[in-house]
Amino acid sequence: MNALTSGRSGWSRGLQTVLTPAPRIGPKRRLLGSAAALALWLAAWAGATVLDHHVDLANQAMLFVIASVVASIWLSAPAAFAFALACTLSFNWGFVPPRGSLGVDLERHAVLLMAMLIVSWLIAGLVSRLRAQAATARDAARWAARLQAVGEALRDSADPLQQAEPVAQALSELGGAPAALMLLRDELPQADQADAVWQHGTLDADERAGLWLCLRQSQAFGPGTGRHGEQPAWYLPLRSRGASYGAALVRLAEPEHAADGTRARAQALCDLIGVALQRAVLARQTESARALAQTQGVRNALLASISHDYRTPLAVILGAASSLQSQGDRLSSTQRERLAGQIVDEVEQLSRMTDNTLQLARLDAPGVTLRLDWESAEEIVGTALAHARRHQGERRIRARLEPGLPLLRCDAMLLSQLLDNLIDNAMKYSDGPVELVVRQQNPLPGEIGDAQIVLAVRDRGAGVAPAERSKVFEVFQRGDGAATARGAGVGLAVCRAIARAHGGELKLRPRAHGGTSFELWLPVLPMPQEEGT
Amino acid sequence: MIRVLLVEDDRDLRTTLRDGLALEGYEVSTAASLSEGLALWTHARPAPDLVLLDLGLPDGDGETLLATLRKRDAVPVLVISARQADGQKIRLLDAGADDYLVKPFSIGELLARLRVALRHRGTALKPALTHYEADALVVDLAAHRVSLRDEPVHLTPTEFKLLARLVRSAGQVVTHRQLLADVWGEEFTEHTHYLRLYMGQLRAKLEADPADPQRLLTEPGVGYRLSEPAA
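Protein sequences, first through last, are from chains A and B.
Residue numbers for the first sequence follow the numbering used here, beginning at 57 and rising by one.
Residue numbers for the second sequence follow the numbering used here, beginning at 361 and rising by one.
Next comes chain B alone, as it looks inside the complex (with noise of 0.2 Å):
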């Protein structure tokens, strides 16, 4: 049984998602502040799976419980948070948070971010995911091939190292930030026109309709996601 540490202040919602997630067969244990967050995760044995974290917390913001949590384990943390500040997300995604939920959200929208939180469990520990097959693309990132259809697709490099690192990450969102500095470079991390134009190649190839995509996904102000692979 998977087992998620729930960390949210307001007891109705605290219960809804206690119920949602058990009626979905997860093992959840509830803290409802940061203190008691932090407790159950230290003492808990076996830890858990997955943390749930919401940021305003009676005894102070989530982001520091995210540190610490960070500091110490790849567990994954989703973020949920009331605050709509985009400036926040990006900051939390590049601290390591794996995803987030801005509330208002359906049950339905969280339980696909944590199956895909869930999916990238301990790829720090595993070789990272070299496969990726959805939808009739699929790419090798071993064999560096690309294949669409069953046609083989020619990458640029760049295009290939841009898709690759999506890949590695399918199903999640990764922020200009992340792209740029793995693509390109840690000095290159501003010039998000670059990811505009490489982007719009990507999907010149690999989308039906470019101006509608379905495999490339953009997350406005923050970054991109490569839609879940099948399986």
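Just chain A, same shape as in the assembly (with noise of 0.2 Å):
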């Protein structure tokens, strides 16, 4: 959980950093480029005074082309054509005769000069050209990755919801105005209601009608759209296949933000939060279908029960029932005895049946309760083996403790009830003697894990087969010796269920020598603190 937390919060910095912009060039550094031009041009009169009547005027021109030059890499479009212009001016000031003025004696000399003067402007206006393109293609570099992180953490998080923030960041960024964002959390409802979606951001009346309508139409309103260019802000809407999943509003602070780049771009970073709104829903609806897919396996699987498991039993008791109806009076008090013990048998298991099933049902329906408390494991066997006696009437079925063992945690009835099908499971399925054994097995050196009490009954039944041994445990199955055996078409299923309500878990072991052993295997739980015994 916290890994997760700390993954999640690592993808939103991530996305932080990327969506930060770009550093503006700053007062400090426009003084560093002007101080370098200053020293540029500094070099170059030093230059021109050096070779001052050793070269041709045009050489020393030459210096000042250079320095032109050389400083509009760094300056801006308009201060390189200042700085060329002031370069030429000074060169006439300085070495074209007349010297000390703007003055000129010879028409050659005006010619140099303005040929001077065009040449650093041209390479100027190129360079400055260059640069620009260049940053344009930084910029949607830039973007591309700031698009590619939004989708890659929209991808990674399982609520769009949460990325919410990082892309209004954006948006705010390319309105120049807090942008707001406003998600549906599922379905588009039929009227416009509030709790219908989720709200990122401050909206008055009108913007989030405006919005709503963006929704439901699916197309952005907004300068430079065709649609309501009045606005002072885009509509978009956060678009995937076929439908949109909520709307943004990106207010413009300026009108020159209003470009249709800059739009394209908005509209591009809403998509992509539409289409994981999207993924989203279906998500959602994909998971709500598996639930009911599961509830109705639940309720084939007790129908299926219902209709196969009770239908014996209730043969029985009418077969029994309407014979000793009809000829009561010619049967023998043997006779009658039998038929009256095999309706009470039947009633026995068919109202064990119910309550299985009954459990079942309760267990599967998602938010079961237990009602748990400290339990004796000894008490809980003594219980189920006076229900064994009491049913079975038989002395086949012995008990074995492990002394000193902690008391469980535990729902005592539903407990009741696992051993209680364990042990008619075990004396349907076997002749030979059963076990109930409860031991506790502690996380053996250097095993990592707490220790757990282990509740096993065991029989020397014939086992079974490997192909079988993990289908048991499903609703409406039973082995193969059943042809006889009835009824346990819920009980392990409900045993399973009952283990797992409390955490544990239900093994199946086939037994050295034959037999089987159906192990509940339950944590140990820290007992209260002993006070005022």
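These are calculated hints, taken from the structure and not from any lab test.
Just so we're clear, the structure is a prediction, and the values are computed from it rather than from any experiment.
Since no wrong hints were added, every one of them can be taken at face value.
Computed cross-link-like contacts, EDC-like style, restricted to lysine to aspartate or glutamate with a CA-CA straight-line distance of at most 16 Å: (1) B/K463 <-> A/D411; (2) B/K521 <-> B/D542; (3) B/K463 <-> A/E404.
Using the hints, build the complex out of the two chains.
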């Protein structure tokens, strides 16, 4: 859980860094650039002074052209043009005769100055255009990375609502003002209900109505969209295949934010979250369909159990009772007693199957609560033995308990029902002695885990074929030797449901020298502290 | 003759139970609803010695009748219920029902519970049961003596109090809450683990096989029952 949370926050952090705007050129950098340009100009001036009278004036001019071209690499376009002009004028003033003035004596000098200025400006213009293109490419790459990060965060997040914050932040950046999101919780409702959506950011009534309209029509409104261009904001649908799953309000701080390229970016971001929302809705629908199928499965199993397991005892009861009813006076007292005994036995069997079926249905329902208490294994075993005696009337069952067992945290009624079923099962499928063994299993040295209590019901019957071992706990399964034994259809399934409701497990283990051991493994929980005994 | 008031809305079950009880020599009056039961109870002279009460009645829940009966009289009440919810069993027993039977039940089971309830009839008026004897176990509450197969058994004061409480209701189920309140005190009614420990000690001293008790019986999730005394 912790790892998961930290992982997610790691994601969000990653997203934050991508979405943070690139630093604009600050005043400090601008000052540094100006200083460097000044240094270049001084160098050109110094070079021209050194070379004065040694070389031609045109060569000196080259030094100033180089200075202005180099400076244009980092200066903004207007600054580069101004710097080129300053270089040309200062060259004219310092070196072109008459020196110390901006006047020009010779015509060819005027041509030289013009050429110098034009070349400097041309190069400054080209450099600045190149730089703008590079900046656009960088911006596009950064945006692509940002979209990818949002997409990945949405894909990795179980709940897209959690990712609304970074998306809203990115949209706020694009518009230059706080953006707001409205996300559908589930299907689109018939009417505009506030509780059907999840809202991020503040909205007034008009904006909310606009977002609902945008959501229902799946179309963008606002400047440049051709619909409601007078609005000071874009209303963008969060689109996915075929429908929209929300809408975003991108408020535009200045009219220049309303560029088509910016809107395309905002729409791409909106569609990312739209797809994520659709995926979440589909996942929820899949989940509920699966739950429905499971309920249906349990219901079918119960119906199958009722139609099969209940018919036989009912047939026996009807047969015996109708015989007593119509032939009673012609039957011997022994026959009458036998028929009555059959009725009693079958009714007890039916009663137990009903309890099991009801219990299984109860434990399969979501949110089942157990009546947990501290119980002694000895008592639960004792109750099960007493029940077995009363129903089976025989003494081939024995109990063996390890001394000093801790108390169990369990629902005594359910655990009794579990043991009753296991004993009943063992009696049915075997003829030899049945053992009820309770022991504590401590983790082996070096093994991780807690101590467990094992309640085992062991028989010396035919055993369960390996292929059937995984199936015996499913509703309505029974062993091959079951032609005469009946009613185990729900029994083991309810046992496993009871074991799992207690955080334990029911296991089947074949025994050495034949037979089966059904084992309930329950975790040992710490006892409450003793006081005042 | 012992008079039994049977309140049960199902006609077939009512007839079967009435005939079964009549065969054992009880005088049975029957009611099919809550109001009829209350009317019979109020006007029948002499008053019934025991009430057999079904819970799901057409005009209300039998629990309300139980409350009315308990307000006026100490008549034994045996509850018959189709509901398996164990929380309800405990509530009924704590509300003063003497015992409960969950449908379906056999007539033999009903007669046994009936006998136990009748034996305890009027214990509130007469001096409480102070002597218990069954299967070589003798408990004399007045003399503070317990013996098993003529050998004295030494019990700690708490063990003795617990056994004494069960002896006073021998044959009847006593809920965890009732035992904890009477032996340890009202503030300990949630400490069921005390009961498990002391019951284990008692069984170790009084039962041949504590894992297969014949005297101190467990009613899972509800309470304990001391087996019926001989005699």
